[in-house]
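Could you slot chain B onto chain A? The hints should help.
Protein chains in written order, with the numbering used here: chain A, -16 to 557; chain B, -16 to 557.
Just so you know, the hints here were simulated from the structure itself, not pulled from any lab data.
Treat the hints with caution; some may be incorrect.
Identical copies look the same in the list; a pair holds intra-copy or inter-copy alike.
Heads up, simulated DMTMM-like pairs for lysine to aspartate or glutamate below, C-alpha to C-alpha not over 25 Å straight-line [unchecked claim]:
| # | residue 1 | residue 2 |
| --- | --- | --- |
| 1 | 124 | 396 |
| 2 | 148 | 223 |
| 3 | 356 | 375 |
| 4 | 356 | 396 |
| 5 | 148 | 323 |
| 6 | 124 | 230 |
| 7 | 148 | 238 |
| 8 | 380 | 361 |
| 9 | 356 | 429 |
| 10 | 313 | 544 |
| 11 | 124 | 429 |
| 12 | 540 | 26 |
| 13 | 391 | 361 |
| 14 | 130 | 396 |
| 15 | 384 | 363 |
| 16 | 538 | 493 |
| 17 | 391 | 379 |
| 18 | 391 | 48 |
| 19 | 198 | 215 |
| 20 | 391 | 352 |
Number of protein chains: 2
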Amino acid sequence: MIIGRDVNSDLCLSNKNKNMSIKYTIGLDYGTDSVRSLIVNVETGEEVASAVFNYPRWQRGMYCDAPNNRFRQHPKDYLEGLEYTIVEALKQAPQGVAENVLGISVDTTGSTPITVDEKGIPLSLTPGFEENPNAMFVLWKDHTGVKEAEEINELSKKWEVDFTKFEGGIYSSEWFWAKLLHVIREDAGVFRAAYSWVEHCDWIPALLSGNTNPKTLKRSRCAAGHKAMWHEAFGGLPSEEFLVALDPLLSGLRDRLFKETYTCDVAAGKLTEEWAEKLGLSKDVVIGVGAFDAHLGAVGAEIEPYYVSKVMGTSTCDMLIAPMEEVGDKLVNGICGQVDGSIVPGMMGLEAGQSAFGDIYAWFKSILEWPLKNILAESELIDEATKQKLIEETSDKIIAKLSSAAAKIPIAESGIVALDWMNGRRTPDANQALKGAIAGLNLGSDAPRIFRALVEATAFGSKAINDRFIAEGVRIDGVIALGGVAKKSPFVMQIVADVLDMPIKVARSEQACALGTAMAAAVVAGVYSSTAEAQRKMGSGIETEYHPIPENVEKYKGLYEQYAKFGKLVEFNL
Amino acid sequence: MIIGRDVNSDLCLSNKNKNMSIKYTIGLDYGTDSVRSLIVNVETGEEVASAVFNYPRWQRGMYCDAPNNRFRQHPKDYLEGLEYTIVEALKQAPQGVAENVLGISVDTTGSTPITVDEKGIPLSLTPGFEENPNAMFVLWKDHTGVKEAEEINELSKKWEVDFTKFEGGIYSSEWFWAKLLHVIREDAGVFRAAYSWVEHCDWIPALLSGNTNPKTLKRSRCAAGHKAMWHEAFGGLPSEEFLVALDPLLSGLRDRLFKETYTCDVAAGKLTEEWAEKLGLSKDVVIGVGAFDAHLGAVGAEIEPYYVSKVMGTSTCDMLIAPMEEVGDKLVNGICGQVDGSIVPGMMGLEAGQSAFGDIYAWFKSILEWPLKNILAESELIDEATKQKLIEETSDKIIAKLSSAAAKIPIAESGIVALDWMNGRRTPDANQALKGAIAGLNLGSDAPRIFRALVEATAFGSKAINDRFIAEGVRIDGVIALGGVAKKSPFVMQIVADVLDMPIKVARSEQACALGTAMAAAVVAGVYSSTAEAQRKMGSGIETEYHPIPENVEKYKGLYEQYAKFGKLVEFNL
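In isolation and in its complexed conformation, chain A is listed as follows:
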């Protein structure tokens, strides 16, 4: 036993020595419900440790008003998660990793802005605003600024320059200006105390690197370009005249925001002494400029020029990169934006997406669950515990069972056609007022047939996006999928491949966003000279590839025409 111990000690020592020469970066990935840290070996891409932290206040539903689409997050949820996940991941990691962390980069949801004071401190971390939702982060899915978005759109169309033109031509209530304008209109106290505003993805790097001054902290090109109407051609943000015309309350704010923006290959600074101590890392750790989760997810899934990187979850985010010189001045209409370097520095980043994807399947599942949760749940035939187990067991299998039943139904057999607009339409041509629809129903339209039509509708929604890119002169060479649906539903993925008539590669990494962020950190730390190089070295490759089945492709062409026709009828007549 003693010998054994010695051997182990030797091994540890040898591992430690080995680790000494290996370098790591940390990807910090702030999602909607939780934050995850991922420590990655920069040479091999090996994911050596990871930790997750669920936002405690968010989990308790604090500061939110879901029926009115108000979703706010407290900065403390982010701060606690920052410390916990990095410290915890380092604990999990082999000895010697902490000393060899070269950089940290951050991705977050967005647009998720917060108002800050002159020092860049979020108002909700200052006295008097601790419990005020208007002093907190306004989460990406907060829709309280619907009216403000409409006003922005209206004014933009009348203005000499259309400031929405690089954001697809339609401004959304989910974005920066609509949100901040709504908040300052609603809350005079916050308006008076608000010096400036920062995005979540800007604040974390600013904090870690010790420069939170709103006028000088390094702002994310990704957030600013896609959500804040920032563009080089405008000399930065929309003009003061435009903003004041929108609302005199905005007067002077532009100067307290920013002119310059930075891509995620740029360093925001180095880790402050305070944070270095808290996290158990060196002060030499480089902090990268932040970006949005989906964008760095595309990097993690090894996006290539002219490949759509499709994050497929409750909704989708469809990203495409193309060499700047090839896109040139061309405007791609009806998407969510085109920003120099927003995904991969040096490349034009184009973003699109579907407002609901997996959410539509979940919606149909919730309809089918209704008798279980509202009738069976009240039965007195069996005991409470068994009943709950039975409901859960049945519920959990619905999507899988529906998928296997739906897979057996021949294409076009049911005659059902559906529209995937149950949460409005993000792209092409954003219109949040649109709604879902199902036609071609008869008394034989059973649950699997309807489910199949819903899946086809989501695939058709994907095709509408691809078609728009192509119609606007942006070719598509392939699709790389990531996210829960891509990983878990071969049934859905095959239909999407057939409908798109395009092979779809599914990225292997389970944590593509955090991995992409770790790749960005490796570039920032100087390990690699480009994102593409980091992807080649650190990428985890492709797990599966779905190939379109020629016979199906032909059949779906006819169905897609029906979808498009039905869509036009509903959009322009109902």
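Quick look at chain B alone, frame taken from chain A:
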């Protein structure tokens, strides 16, 4: 005890004596799945006894091919049911009733024709055809003659006289000529042996009264006028030229069918000795000319001029009567027919209907049941017997629970609009190719909201029929509802009343069809001089009345416009 017995004996005797002076009629009601006899006191309308017989061959699915919409019934099912139900009801009835039965009338489904030999014997009761579905009754819902109906419509529009004009202008695959043409085209053996054709409602009275000769048996005006394009203005059935142009196979058949038709106040004859003996009745019992179930149901529910009698079940049959002189030569377009005396002799009978009503609720229920029957049914958490009970218990409550949840949702709150064409559209403007649709769906559209929209859609379908009558100059003074939905669903009935903006009376009788048929028998037997008089004396009155709620009426006006708009989009563009 002995004293008690004596008293009882006295009572029996007194009852018997009393019964001696009371007269009865029997209504024999052939439905889709079973036949029912009802013995009714002609003075009071009291329903003294009843018996039901489920068709045994039909129950075993014999001779049918449901996926191909072939539904056939063997005459033996009808014959066995005829004998059983009358004998059994007489057994249940107090002593002395049998001797005091004055008449029997018959209602059946329709158009449900069968081919017969020269003697009027159904081919399937003759050697060599016993098991041939083409030699059996072609049930009302058999759709094998879709192509033949199309040909009839096409030829009619080209012909100098449009023989479909008194049947709403569109011939259906559910009707006489389409069915018989399909059968003789498909089956050369049947074609060679077929001398003539009779409707189910003609055959039973012919049999009971002993005259089955196809050329002289008394044919029902109701069946001939609504389904066989018979009209006085045409001199009877469509011309020989028309029929031969349709198909030379029809050559000569017209002469072996009929010229005259009779309303249900006319006697077909008296009970034959053979049947009198079998049934235990007198040879003096008068047999009435038959009619369709829904039509005599309207009589049983005490239909009045300008009242829509709405049979609300899986589908609806909407009947209206109006004085002949007030309708005159006016053609009511887009309904299922207008026939002199088809409902109440002496009155114009107008028929319309919805192809699916309760069937739409049943369809939605079956979707919600899917996880119960396909996932929970396979669970191993509980024993088989409990599982079956649990599934049944849950299933049985779905419609009621959905109704009470849906009732709490404010009108127009969900934004969902549905079309009730899941089984095509019967009226207005028959189009069996139409399908159902649902629009206005979002991720909050739960099961009760969708159910509510489906109920509203069926109510809107009812309004479309009423509106058509009115647009064609036929006023509507009120609605009398009967059938399962009318009896069982106050939630649905209130919505229909609100949407129609019209009070709805629900008939009290649980057996309105059989009761109406017994009323017809009382007229045939000479007890009453008119159907109206029989209704006054034998009617069981109104059970409930639904009054439109003014506030709701206003709200539904807007929703109906959406329904109509959506309907036009789907009908003319998809």
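To see whether the hints hold, each was checked on the structure:
Taking the shortest Cα distances, residue 124 and residue 396 sit within 25 Å of each other only across copies (23 Å), while inside one copy they are farther apart (37 Å). Proximity of residue 148 to residue 223 under the C-alpha cut-off of 25 Å is restricted to the intra-copy arrangement: shortest distance 18 Å within a copy versus 72 Å between copies. Taking the closest pair of Cα atoms, residue 356 and residue 375 come within 25 Å of each other both inside a single copy (10 Å) and across two copies (15 Å). In this assembly of identical chains, residue 356 and residue 396 lie within 25 Å of each other by CA distance solely across copies; the values are 23 Å between and 32 Å within a copy.
When the C-alpha separation of residue 148 and residue 323 is checked against a cutoff of 25 Å, the pair qualifies only within one copy, where the shortest distance is 14 Å, while the shortest distance between copies is 69 Å. In this assembly of identical chains, the alpha carbons of residue 124 and residue 230 lie at most 25 Å apart only when taken from the same copy (23 Å versus 66 Å across copies). Only within a single protomer do residue 148 and residue 238 lie at most 25 Å apart by alpha-carbon distance; the minimum there is 22 Å, versus 78 Å between protomers. Taking identical chains as interchangeable, the C-alpha atoms of residue 380 and residue 361 lie at most 25 Å apart whether they share a chain (21 Å) or sit on different chains (11 Å).
In this homomeric assembly, residue 356 and residue 429 come within 25 Å of each other (Cα to Cα) both inside a single copy, at 20 Å, and across copies, at 12 Å. For the homomeric pair residue 313 and residue 544, neither the shortest alpha-carbon distance inside one copy (28 Å) nor that between copies (43 Å) is at most 25 Å. For a Cα distance limit of 25 Å, the shortest separation of residue 124 from residue 429 across copies, 21 Å, qualifies, whereas the shortest one inside one copy, 33 Å, does not. With identical chains, the CA atoms of residue 540 and residue 26 are never at most 25 Å apart, being 45 Å at best within one copy and 69 Å at best between copies.
In this assembly of identical chains, residue 391 and residue 361 lie within 25 Å of each other by CA distance solely across copies; the values are 19 Å between and 34 Å within a copy. With identical chains, the CA atoms of residue 130 and residue 396 are at most 25 Å apart between copies only, with a shortest distance of 20 Å across copies and 43 Å within one. Only between protomers do residue 384 and residue 363 lie at most 25 Å apart by alpha-carbon distance; the minimum there is 16 Å, versus 27 Å within a single protomer. For the homomeric pair residue 538 and residue 493, neither the shortest alpha-carbon distance inside one copy (33 Å) nor that between copies (51 Å) is at most 25 Å.
Proximity of residue 391 and residue 379 under a CA criterion of 25 Å is satisfied intra-copy only: 21 Å inside one chain copy versus 29 Å between copies. Taking identical chains as interchangeable, the C-alpha atoms of residue 391 and residue 48 lie at most 25 Å apart only when they sit on different chains, with a minimum of 22 Å there against 42 Å within one chain. When the C-alpha separation of residue 198 and residue 215 is checked against a cutoff of 25 Å, the pair qualifies only within one copy, where the shortest distance is 18 Å, while the shortest distance between copies is 93 Å. In the homo-oligomer, the alpha carbons of residue 391 and residue 352 lie at most 25 Å apart both inside one protomer (22 Å) and across protomers (20 Å), since each shortest distance falls under that limit.
Hint compliance for this structure: hints 10, 12 and 16 are not met, and every other hint is.
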